[in-house]
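Single-letter residue listing:
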Amino acid sequence: MRNRVRYSLLALGLVGSTATFADCKDLDVKGAWSRATAPVVNVGAVYFDLTNTTSQAVTLIGGSTPVSDTVELHRREMKNGMMGMRHMHAVKVAAGQKLEFQPGKYHVMLIGLKHPLKAEQVFPLSLQCADGSQRKIEVLVHKIMQ
Amino acid sequence: MRLNHKPILFLIILILMLGIAAWRAGLNLLPVTPPKIYGMTFSEPKTLAPFVLQSAGGRAFTQKDLHGHWSFIYFGYTHCPDACPITMLQFKQLQETLRKTMPKQRLAFIMVTVDPERDTPKLMQAYVNHFATSFHGLSGDSMEIKAFAKQLFVGYQRGEDNTAIGYTMYHSDSIAVINPDGQFAAVFASPHKAKNMAQDFLKVAAYQQQRDQSLFYR
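Taken in sequence, the protein lines are chains A and B.
If you read the first sequence in the working numbering, its first letter stands for residue 1, the second for the next number, and so on.
If you read the second sequence in the working numbering, its first letter stands for residue 1001, the second for the next number, and so on.
Chain B with its partners taken away, still in its complex shape (with noise of 0.2 angstroms):
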């Protein structure tokens, strides 16, 4: 028995026509793989319960205030003289780096505090103005806020209470990136240069954007 090859043949030519008609057109049919950074993209971003924050004002902050454009979160308190001032250092002149590079692209640096039981609303945007009066500074519920941390894979607890600051706070020092579909989409390690940062950020934000036009998450 003879097969006839024609309609394979057709059907060959018309995947493969489709496929450079995509390529031609931006989009890609494979799948892409995230970029390695100074911590970790994830090749799926990952998408956040709901979790209520508040900000200065006595306005909530919610995942819906992540949308839109890209954030960058760290926590921290303001009792912290070392590592939180030059992790809002680095923010700062990250900021700057990407106002030159992405003049077009918006973005949300952030700042949450570990220790809600004395850092009000109020106190920590006062504390972030002091770097840059773009940045937002949060606090919130307790609860909210462990919550919120574990999200995004931070951890912290008290530390000890032998000094005069009254308590000390063990906290992770990484930064959460968060996509403008307000999803999880990577971290960055300590010790943060807002060099490495600026240079990670346009890797993931590339990948991103190869995600969005692969044809492969559809």
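Excised from the complex, chain A in its bound form (with noise of 0.2 angstroms):
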């Protein structure tokens, strides 16, 4: 009988992690950080890599943070040999990919900072995906990164 148990919880699992329908929450986002910033501006950057673990594409749309009025998805590209970056408004992310929001690539810009970003502060985002399912994660604020 406690076998039985043991086995329909393990069934549970399995299933709970292998579920048909990819949700935002089951994404792996690992090292998220961003840098300290000067007093006067009012925008920032947060940094991480994400992979889609589940078996299902997801679209990454948007965000949410305390921190910032807004938050958006930008991406560095070149145009004409001059650099700048494209706000993205949906960004696919397919099963098993590995999508790197790193400087020079992707990054969450937060716009309309409420208070800079200090050194060693610690602050929610929340990641929004298309079908409204959000991915919590906190965010590390680096005095200096190389």
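Read the hints as simulated data drawn from the structure, not as lab findings.
Since the structure is predicted, the reported quantities are computational estimates derived from the model, not experimental observations.
Certain hints may be false.
Simulated coverage check for chain B against chain A, where a stretch passes if three residues somewhere in it have a Cβ under 8 angstroms from a Cβ of chain A [said to hold, decoys possible]:
#1 1094-1104
#2 1153-1167
If you want the footprint, here are the derived chain A segments under chain B, 3+ residues with CB under 8 angstroms [what the hints assert, rightly or not]:
#3 65-77
#4 107-121
Using 25 angstroms as the maximum straight-line C-alpha spacing, the simulated SDA-like pairs for lysine to any residue come out as follows [to be verified]:
#5 105/A / 1092/B
#6 114/A / 1195/B
#7 1122/B / 38/A
#8 114/A / 1209/B
#9 105/A / 1167/B
#10 105/A / 1136/B
#11 105/A / 1165/B
#12 1195/B / 1209/B
#13 143/A / 1096/B
#14 1046/B / 64/A
#15 1150/B / 1164/B
For every residue, glycine included, the Cβ atom is placed at its ideal position computed from N, Cα and C.
Dock chain to chain to rebuild the complex, using the hints, since each chain is given by itself in its own frame.
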């Protein structure tokens, strides 16, 4: 009897982890960090490595955080030999795909910072997916990043 | 008819002796070749046309402010959260490295805004102060900045405005290296790494010194 309960729980766990519908909250997000900001600027960037470990593609559309008014997804790009950044309204991450939110690639853009980001500070950030699900992460503010 | 070789021989010996004397005195009679760096060193530094930018406190910043020391100039804007802080951090590391390797060398680190509409001189100085208070943050008249940037091979244009920051800017990511005569001497290409820039700067400065000592350019 005891074993049966055990196996049932295990089965439930397996079903849960291979759910047919990908959920943003199951995304693997590692090493989220941001840079301390100058008191005069009202923008910041958040970086991390994101892997879609679910069996389905997910589409990131933005996010929210208590430290800024707005959160956008931006990608660095070159145009006519000049460097700039593009606001990505939707970023599709295929099943198993790793996406680098790192300097020079993608970054989460914090716009309208309520206070400057201070070194050692940790703040929450919710990444929003197109299906309405969210992945909550914690971001560590670094003093200097090389 | 027999030629008298004596005067020719005498001339050759004289030229050789002068050459050796010049070489012993640290002077070079031959042209020198610009070093290979991550970017480009100009074989002949380019003299800049006069310009007027603005620094904090209502002070003008002109070509005269580039004389008497080497300068590194980067163009960016304060609404830029990714590339600009990265370059400023590399500037800071470059400054720290060169202070150790060339303690007597006077150096200026300058960031000029490509977005004078939003970045005032005061804002620019406050921005660079976040990285090092010895850095210079400059703004100014948009036409002046455009012309100055063009001289330093830097282009920029306004990007899309479908973002909550209002609009983004597209800009060249290179760093201009200015010699103590206020001439455009070299370009550092991106991505910028302080360690590489420190090594490249030694080459650029050494080239300038060889060039100054070469009689070929007088």
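Status of the hints after comparison with the structure:
{"no.": "1", "hint": "1094-1104", "in the structure": "violated (count 0)"}
{"no.": "2", "hint": "1153-1167", "in the structure": "holds (count 9)"}
{"no.": "3", "hint": "65-77", "in the structure": "holds (count 5)"}
{"no.": "4", "hint": "107-121", "in the structure": "holds (count 5)"}
{"no.": "5", "hint": "105/A / 1092/B", "in the structure": "holds (23 angstroms)"}
{"no.": "6", "hint": "114/A / 1195/B", "in the structure": "violated (35 angstroms)"}
{"no.": "7", "hint": "1122/B / 38/A", "in the structure": "holds (13 angstroms)"}
{"no.": "8", "hint": "114/A / 1209/B", "in the structure": "violated (50 angstroms)"}
{"no.": "9", "hint": "105/A / 1167/B", "in the structure": "holds (19 angstroms)"}
{"no.": "10", "hint": "105/A / 1136/B", "in the structure": "violated (28 angstroms)"}
{"no.": "11", "hint": "105/A / 1165/B", "in the structure": "holds (19 angstroms)"}
{"no.": "12", "hint": "1195/B / 1209/B", "in the structure": "holds (22 angstroms)"}
{"no.": "13", "hint": "143/A / 1096/B", "in the structure": "holds (16 angstroms)"}
{"no.": "14", "hint": "1046/B / 64/A", "in the structure": "violated (49 angstroms)"}
{"no.": "15", "hint": "1150/B / 1164/B", "in the structure": "violated (29 angstroms)"}
Of the numbered hints listed earlier, those contradicted by the structure are 1, 6, 8, 10, 14 and 15.
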